[in-house]
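Letter by letter, the chains look like this.
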Amino acid sequence: MSKIRGLICRECGKEYPAEPLHVCEFCFGPLEVNYNYDWIKGQISREKIEKGPKSLWRYIDLLPVMGEATVGLYAGFTPLIRAHNLGEELGLDELYIKNDTVNHPTLSFKDRVVSIALTRAKELGFDTVACASTGNLANSVAAHAAEARLKCFVFIPGDLEAGKILGSLIYQPTVVAVNGNYDDVNRLCSEIAAEYKWAFVNINIRPYYAEGSKTLAYETAEQLGWTTPDQVVVPAASGSLLTKIWKGFNEMHKVGLIDKVSTKVNGAQAEGCSPIATAYKNKTDYVKPVKPNTIAKSIAIGNPADGYYALKVVLESGGAFDTVTDPEVVEGMKLLARTEGIFAETAGGVTVGVLKKLVESGKIKKKDKTVAYITGNGLKTQEAVINAVGSPVFIDPKLSAFEKILKK
Amino acid sequence: MASVKVHLTFPEDKIKEPIIYNVGHEFKVITNVRKADVREKKGWVDLEITGEPSEIEKAVESLKKKGVKVDPIEKNVIE
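In order, the protein sequences belong to chains A and B.
Note that this note's numbering gives residue 270 to position 270 of the first sequence, counting from 1, and the numbers run on in steps of one.
Note that this note's numbering gives residue 22 to position 22 of the second sequence, counting from 1, and the numbers run on in steps of one.
Hints are computed from structural coordinates only; laboratory data are not their basis.
Glycine is no exception: its CB is placed at the ideal position from the N, C-alpha and C atoms.
Hints are not guaranteed to be accurate.
Residues from chain B that face chain A, not an exhaustive set, calculated with beta carbons under 7 Å [what the hints assert, rightly or not]:
| # | residue |
| --- | --- |
| 1 | K35 |
| 2 | E55 |
| 3 | K58 |
| 4 | D71 |
| 5 | P72 |
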């Protein structure tokens with residue numbers, strides 16, 4: 001008996017072996033990992049987890065790898081910060097920030113999914129890993145591939161700014177810049193993934209990769225003393241993170257780690273790329289693709305793979321979707337920095353901005369224990385705030401000059 | 001023979017047109033719908049297109065020219 005039964009289609013339920021597969025051959029639905037929860041329940045306990053490593057691997061019994069962790073041993077177990085100042089400012093009694101701006105090694109939540117993906121890729125015998133990414137995912141895949149001594153290809157649109165790829169190039173993967181518009185590059189990457197026997201982390205390894213996001217839920221519940229929050233606010237790009245946080249809470253209940261799940265899951269999108277939030281507002285289950293136009297580029301996914309499922313989770317849990325404009329994104333980033341000393345990337349500004357709106361609209365109430373997921377570091381998107389943070393106060397090298405500005 | 005899996009999104013004004021049927025007649029490809037949701041104001045189809053790679057490419061270009069958004073079955077893979 002093992003913890004993984006194989007893969008299963010999310011749509012028609014057809015079962016597959018635990019191989020690098022991601023699409024159901026019958027209905028073309030997405031595949032996900034099918035666990036032996038009864039068996040896991042017999043293995044797992046709060047005590048065993050608490051004695052585990054201070055990383056996401058303390059939850060290995062609920063993760064889709066067959067053996068031990070081999071890549072990304074220090075990812076996860078980031079701080080859950082009691083945000084007194086921000087809570088006070090927004091009017092919340094008990095607000096927490098799950099701070100993945102300090103994830104190891106590349107300062108975003110992608111270190112979670114990639115450490116799982118590459119550990120699984122090694123188990124499956126791959127010697128080459130790849131991804132298509134404009135930022136955080138590429139950084140993380142390149143860094144982990146270097147650590148694991150795997151060959152690495154990163155595909156990017158040809159018009160991406162040089163600064164964006166530095167955080168990948170430093171690890172010396174092969175970075176392939178593809179000419180053409182976004183859709184052309186996107187389709188080429190899918191074709192390459194089908195053609196070459198590589199571990200394309202978010203394509204053929206996606207069923208395993210995506211499971212890494214569940215660890216954000218596990219850690220939150222453990223850090224809250226084995227309870228779940230009343231409300232969570234999660235940025236939505238492909239929608240996978242949001243669905244996996246919900247799945248994570250529910251799995252913990254299923255295997256007996258927590259007593260109940262009464263969390264409302266709220267989704268945050270930037271107005272310039274809000275296909276899922278638009279479907280929510282229009283009360284439809286159809287997530288219509290959009291062309292992204294927002295500074296929150298790390299979550300600007302116009303045709304989200306898991307949009308439909310993310311919408312379902314929000315409705316099922318009784319949460320809501322909301323959006324913020326680009327100026328509100330910047331305000332959100334500044335608010336988080338000013339109140340809690342956390343410099344988040346633009347996606348964090350989206351989360352904080354939407355959190356504020358949900359409190360103002362009464363969807364999140366004063367007494368609700370609330371967790372906001374901050375998924376990436378602000379040092380990665382400095383251009384978004386460069387004109388919004390003011391400038392130093394210049395003085396001559398005289399004490400009198402300093403005292404003069406102190407009086408202002 | 002090759003085969004590709006694509007996710008098609010139809011604009012509202014094209015929903016009544018037999019676009020997939022036409023592509024199957026204009027090019028040497030076999031079209032096979034696996035999943036779809038087509039209503040009055042929206043439509044998407046998960047489609048398998050089988051044929052010689054050059055014919056598949058022409059069929060995809062023709063779909064795009066007709067105003068259909070053609071994505072891989074995984075939708076957006078650039079993250």
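Item to check | List of violated hint numbers, smallest to largest | outcome: Per hint list: 2, 3 violated.
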